[in-house]
Amino acid sequence: MNALISQAPSAGLAPLPRAQAKRARQRVLPGFKLTLGYTVLYLCLIVLIPITALFFKTFTLSWEQFAAAVTSPRVLASYRLTFGASLIAALVNLVFGLLLAWVLVRYKFPGKKLVDALVDLPFALPTAVAGISLTALLAGNGWLGQYLEPLGIKLAFTPAGVVIALIFVGMPFVVRTVQPVLEDAEKELEEAATALGATRLQIFTKVIFPHIAPALLTGFAMAFARAIGEYGSVIFIAGNMPMVSEITPLIIIGKLEQYDYAGATAVAVVMLLLSFALLLLINALQGWQRSRTGVAA
Amino acid sequence: MSGPSSQPVRRAQAGTTEAPWVRYTLIAIALVFVLLFLILPLAAVFTEALRKGAGAYLDALKEPDAWSAIKLTLIAAAIAVPLNLVFGVAAAWAIAKYEFRGKSFLTTLVDLPFSVSPVVAGLMYVLLFGAQGWFGPWLQAHDVKIVFAVPGIVLATVFVTFPFIARELIPLMQAQGSDEEQAAIVLGATGWQTFWHVTLPNIKWGLIYGVILCNARAMGEFGAVSVVSGHIRGQTNTLPLHVEILYNEYQSVAAFAVASLLAILALVTLVIKSVAEWRHEAEMKAIAELPPERPQAMAPAR
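So the sequence lines, in the order shown, correspond to chains C and Y. The working numbering applies: residue 15 is where the first sequence begins, and numbers increase by one. The working numbering applies: residue -5 is where the second sequence begins, and numbers increase by one.
Don't read these hints as lab results, they were simulated from the structure. No incorrect hints appear here.
Cut-off 16 Å, straight-line C-alpha distance, at most; resulting in silico cross-link-like pairs (EDC-like, lysine to aspartate or glutamate):
#1 C/Lys201 to Y/Glu12
#2 C/Lys220 to C/Glu202
#3 C/Lys127 to Y/Glu271
#4 Y/Lys198 to Y/Glu275
#5 C/Lys220 to C/Glu200
#6 C/Lys127 to Y/Glu275
#7 Y/Lys198 to Y/Glu277
#8 C/Lys122 to Y/Glu12
#9 C/Lys122 to C/Glu197
#10 C/Lys47 to Y/Glu93
#11 Y/Lys198 to Y/Glu271
#12 C/Lys126 to Y/Glu271
#13 Y/Lys267 to C/Asp130
Here are some chain C residues the structure puts well away from chain Y; computed CB gaps all over 10 Å:
#14 Thr85
#15 Tyr93
#16 Leu101
#17 Leu196
#18 Ala227
Where is the CB? At the ideal position from N, CA and C, for every residue including glycine.
The whole structure should be built from the sequences, with the hints applied where relevant.
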């Protein structure tokens, strides 16, 4: 499959070498300078200049001040919560996202199209709405909370509530990255494996899983990155107790409200660097996936 | 593909699916997960909003503050979505139709706003345009308010919805290549004619898909807008911020009533998105079922 795709261009009738053909194409279609120029200009105005402003602001702090701002106990506790809750939520989404993608691609059941459409709900539903509604469900008098709380399970206004909110916002990522790859997978391989005597479980772990692993990891990393930065849905359900259930974005808001712009910026830079690292990781994973399966996420 | 019912073939086909009890268990777990995490939260919004009856629900929506929040949300989306639409089409054209150095780096940069926390995004604009920011003194001298005013809200919305349309169009236009556009140009069409009559019909479902998701996010953005808005009631409150204020004032029914508007928006978004997807799939299938001359005639040019 992979080999087929990479061979296709050279196998076709190509009178010009690749590089020359590309240059010729550039000459034919108009608008290159206009569209690229506008793209770069708009990117600079909306994204790059504001990000630069953030980095420059931190230079008004000395190294000691910066280190103190980003490693105070309250901030460290918020990293632990944000990072830990995001990781757990992304792992839950990894498992259930794979399950949902599998069920949606491989099985027929009533209401399947509805479920497929609903998976995107967390993308479409504003995070603040998700936040208050999950809180209403899980609070002591809520639909679910009233049964859970007598059992000693308290979810609203605890770190566990943060995890629940982050599962919600990250849910579509794994489903939507794995689904196309699973649809594209060739059943012939599975048939061949069965004919050779493999059990269904062996086929899953040795044939199907390696095929979808890059997509699965990409979706996981996307859900994780989204969870790290999430604010709207979390603050309603978290309870926001310092040291216990206060997420890092809320620390930034808190510092801003006290006009501690430098401190807020320092924490924001830490978050931004983490976002950059995750973006690079996701890019690398997507490249791996393309080279493995030829299907883009 | 369904072969004769000889023994090995039947065994091989049985090997590509699971035993019925495994299938039903997996489907059941998936449905319970969807029920708990998607359907219940959605249902809760509407039941909480109607807890005190339709009268209280409508009263909450008739509030002048709610109206001004609706207006501001519509304004922010009406500016942010077209801006990002123009950008998305330009970026997709440049990235998908040409080869140039730094292309993959540019594509990564387009994705950047997705991975930046909305709160950090809001903070960036405060640092640029706030009283202590780079342009703060100049803006104050000229009596221009950006942060804690409508322009700041629009800017923050533009930032968080920046990649939506570009991201939808780039892979689509890359997959379609530029053969049809080249043919149009060679036949004497201008660049604009080529775009309107050749490219646009090809990408219309992807475009609708991107616009509708961009719009949903623009109307629902909370974190970034919260940082730059200053929460001035009736002036710089968007719908999601209004929900927060009502909720924190323990006006639960009013908060959920306003939230239900946003939930309806989300449902409408999902319906349009699904329709766009189905139409796109139907068109793809129709193309695949065309008589073989057409696809083959196109193949050598690739």
